[in-house]
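Asker: Model the full structure from these sequences, guided by the hints.
Each residue of the sequence shown is one higher than the last, beginning at 84 in the working numbering.
It should be emphasised that the hints constitute simulated quantities derived from the structure, not laboratory data.
Careful, some of the hints might be misleading.
Straight-line C-alpha distance at most 30 Å; calculated DSS-like pairs for lysine-lysine [to be verified]:
#, residue 1, residue 2
1, K135, K117
2, K179, K117
3, K135, K179
4, K90, K160
5, K160, K91
6, K160, K135
7, K160, K179
Every value quoted in this text rests on a predicted model; they were computed, and no experiment measured them.
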Amino acid sequence: MQLEFEKKENGLWVGVSGELDMTNADRFRDELQKAINLSTSRNLLLDFSDVKFIDSSGLGVILGRYRELQPFGGEIKILGVSPHVYRVLHLSGLTKIIEVQQSRGQRSEAGGQSG
84 MQLEFEKKEN
94 GLWVGVSGEL
104 DMTNADRFRD
114 ELQKAINLST
124 SRNLLLDFSD
134 VKFIDSSGLG
144 VILGRYRELQ
154 PFGGEIKILG
164 VSPHVYRVLH
174 LSGLTKIIEV
184 QQSRGQRSEA
194 GGQSG
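Answerer: The structure is reproduced here in structure tokens:
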């Protein structure tokens with residue numbers, strides 16, 4: 084897993100590549116939290132264009148940041164999600180609370196559909 088951070092006007096952009104699983108979830112959480120604290124951003128934009136796999140450990144990190152940012156009016160968006168990763172996010176229920184956009188113009192079920 085590799086991470087790239089860039090502070091943007093509207094929040095913190097995080098480029099993620101590789102696999103988000105139990106072998107690197109702690110590192111993902113720690114580096115993400117450090118970047119959020121340093122940037123003082125309340126909005127998080129996760130670029131998953133190069134994420135090949137995610138398991139419950141990675142989902143837990145994302146949910147934890149959501150729970151942390153949401154009470155302060157912050158939000159998380161996940162962009163560039165492959166169909167396989169989208170399926171995991173959707174089955175976990177994260178697409179009901181976090182905006183997720185699939186790659187290559189594929190339609191997201193987040194935002195607009197109730198379920």
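Asker: May I ask which of the numbered hints given earlier this structure violates, with the numbers listed in increasing order?
Answerer: none
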